[in-house]
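Number of protein chains: 2
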Amino acid sequence: MRYGDVSAAIERLKPSFGDRLSLSAAVREQHGKDTTFHPVRAPDAVVFPNVVEEVQQIVRVCADLHVPIIPFGTGTSCEGHVAALHGGICVDTSQLRAVRAIRVDDLDATVEAGVTRKELNAQLHGTGLHFPIDPGADASIGGMVSTRASGTNAVRYGTMREQVLSLEIVLPDGSLVHTGTRARKSAAGYDLTHLFVGSEGTLGIVTAVTLKLHAIPEHIAAATCSFPELSQAVQTVIQTVQAGVPIGRVELLDDTQVEAVNRYSKLALSVAPTLIFEFHGSRGAVQDQIELVKDIADANGGCNFEWAERPEDRSRLWKARHDIWWANLALRPGSQGLPTDVCVPISQLAANIQAAKEDVLQADLIAPICGHVGDGNFHLCFVVNPDCADEMRRVGQVNRRMIERALACGGTCTGEHGIGYGKIDFLRQEAGNAFALHCTVKRAFDPAGIMNPGKITGEPFDAATS
Amino acid sequence: MRYGDVSAAIERLKPSFGDRLSLSAAVREQHGKDTTFHPVRAPDAVVFPNVVEEVQQIVRVCADLHVPIIPFGTGTSCEGHVAALHGGICVDTSQLRAVRAIRVDDLDATVEAGVTRKELNAQLHGTGLHFPIDPGADASIGGMVSTRASGTNAVRYGTMREQVLSLEIVLPDGSLVHTGTRARKSAAGYDLTHLFVGSEGTLGIVTAVTLKLHAIPEHIAAATCSFPELSQAVQTVIQTVQAGVPIGRVELLDDTQVEAVNRYSKLALSVAPTLIFEFHGSRGAVQDQIELVKDIADANGGCNFEWAERPEDRSRLWKARHDIWWANLALRPGSQGLPTDVCVPISQLAANIQAAKEDVLQADLIAPICGHVGDGNFHLCFVVNPDCADEMRRVGQVNRRMIERALACGGTCTGEHGIGYGKIDFLRQEAGNAFALHCTVKRAFDPAGIMNPGKITGEPFDAATS
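If you're matching them up, the sequences are chains X and U in order.
Residue 250 in full-length UniProt numbering sits at position 250 of the first sequence, and the numbers go up by one each step.
Residue 400 in full-length UniProt numbering sits at position 400 of the second sequence, and the numbers go up by one each step.
Accuracy of the hints is not assured; some may be wrong.
[Stated by the list, open to error] Taking lysine-lysine and the DSS-like style, the derived pairs with C-alpha atoms no more than 27 Å apart in a straight line are:
# : chain 1 : residue 1 : chain 2 : residue 2
1 : U       : K294      : X       : K212
2 : X       : K294      : U       : K212
3 : X       : K212      : U       : K212
4 : X       : K33       : X       : K319
Calculated directly from the structure, the hints in this document are not laboratory data.
Pulled out of the complex, with its shape left as it was, chain X reads as follows (with noise of 0.2 Å):
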């Protein structure tokens, strides 16, 4: 498939654009590249619309020539999902920026796809209300939708598929279409919404979503505890997912990650691995909860049990637990962070942990591990330089191992970050021929393969040629 001709894309929307279509190399490279070490791989032109009918209007164009198109959010994602693979325009989301409701009674919110988490919840103060969806990053709604993030609070709250009621998308034609109601059930047909959550920009642009929010709990108490043994952190929280707790979060760090992050955060964990708990629920609750959870760890060895009753040590932990990625990379100073994530059933995780980390240990690598253990979910961050091809290809094994032992045992081979372009092979190797069925629908919603070209299915295959 050969791609249309860009500059002739870029003169017609200049008119309409002006100084909100950039060519500079350094909009372009900042656009063309994520957090992680991924090589920029930079779009021809960034537009910032200011409305929907300017994406629209851009798509449009864009359609007409046969160019690609990239949305763009906050550039955090970790997959390599904003590399413009085959050139094309970037379409950057975040102009996008009304919250256009937050209707409280209904204890929901549509906001524009260019709000990041932490506006929105700046928007719902003093409403008794939040939007718990917490991926670290200050990420773009639209861009959360797209990846189907998740993070520290899914395991109770669930992930971006769980927070989505409807969205509204522009469609590779430039067609403005709203999928799913206000409602928080639905029977009415082929569940299109959440077909695009996490469709990474493949099948459309998102433009605005409603959202479900969240009463904010009467009571939080958080806890930190270290273990001995990294086994029995996490056999910690098995019994607990498995006691029915309904935890707010529960977050492993291992004995590297907790070195790193008291060095950067200035805190003085012991250096062992530990989990961070956070209970939320009415007082009666939240009490019954941490009874249970700590006759739980003292049985499986726990030690240190502290907490963090006060809102400001609360914010202190989680504002370490959130920095870990720049305290991975304050390790190595001018490194870059690879971070990968896998998601396994629960009796299946001290083993996938424990050999992750052995592989790490054994190819003579950097890798902190930490985890939204409570749902399977587990990273390693690969602490690089890019530039060391025996580095690099030791990291590849490793990554791959503990993919294949997480597909192994009846898991995926990401739980939050997505393919992007970085994880096809697995993708297909997970799917199986089901793999067809993506491909089946990635053609049926773009035909034309201008929609983020070359992730999730890597289609159109032969863009090598374009």
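Given the coordinates of chain X, work out where chain U should sit on it, guided by the hints.
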């Protein structure tokens, strides 16, 4: 579109299936009718495969000869889902009844499509786990996937959509695919699993399902409370949801419904708008919930707050709730039921229910109202004589007005019953220009149009000539 020769398909299947292929009028009619007023539309034959390979065999023959296939679970759907509108072969999945695995440690199970929810729960006895989705009827798990069933527990546990981790599906060409994994969350490609959930057998035949299981709550309490006015009952639910109370179930019955239930199930509830609550959780959590909800009910004029903490009292109450269908039919001997449902944003619930009730009175119809009101979902169950054209015209008007009001306030034309062929026009109205995307999905996955034709989108459109 003309379909092929169904008798040729029958001849090709006979040698393999013997008396598991039925041509008897009684069997065919039973499979061409759901529990509602929809007229019989019998398939040409009913086949009872025992294993997945036999499902593939049937589908291959039908694909080869271009013969319609109608998947069948227990026939308890509501919108004509199983009607053989264009004839063809009905695939009764009831003999796919293996419970392939119950994995207590992972809180999941893999069952074949024909296992019913009660069978599954019986198999879970003693594990401390349960499968909470409860649409009333003892539906098959495959059917519940296909209709995206929900019911009384959805306010707490979500619908089938939230329970399904992965699916085994026979596609319209007879090939077998698996979607999803046992991981609790995944960002691996398009959400094929949830595209099949709710697809009503129009994209393939679900043969096995991996489901989430849930810990049986440590403590369960149920209560009833009646209110002078319907709006007060609804207001109590709205405020309960808005307060973030993680209530287990909350069901509304209007006065007509209470009267029918009292008569049929020999209860002595006050004949007034009534809520039935169920609280799940640790003892402390349940106590907190109860106090809060009781305060809310009191403030809204609730009276006769009555507890049912003993399991036998709870069972009696919920049995009565589940027998509503039969209680309603008993209001008018010889009648049939026409159940319809909508789901609206919760702030709109009182107005929608009130308006529907007034319409029913005005049109001189019998239609008790009940609902899974924590989700904003409610039902009118018209008790009808389908042979009376004038009555059916009035029913149609009231139904249409109820749905149009729901759509106008951001709701959906069906919360849990699905589209079948009964609500295609309403789906068209709800989806607007996104209706074309529903057709895109159907055509991409079933280009020959043999899977349960005439449902959801109504495709193939020119089937009248088949």
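Hints, verified against the model:
At roughly 26 Å between alpha-carbon atoms, K294/U and K212/X fall within 27 Å of each other, so this suggested pair holds. Among the hinted pairs, K294/X with K212/U is consistent with the structure: their alpha-carbon atoms are about 26 Å apart, no more than 27 Å. At roughly 22 Å between alpha-carbon atoms, K212/X and K212/U fall within 27 Å of each other, so this suggested pair holds. For the proposed pair K33/X and K319/X, the alpha carbon gap of about 25 Å is at most 27 Å, so the pair holds.
This entry satisfies every hint, going by the numbered hints stated previously.
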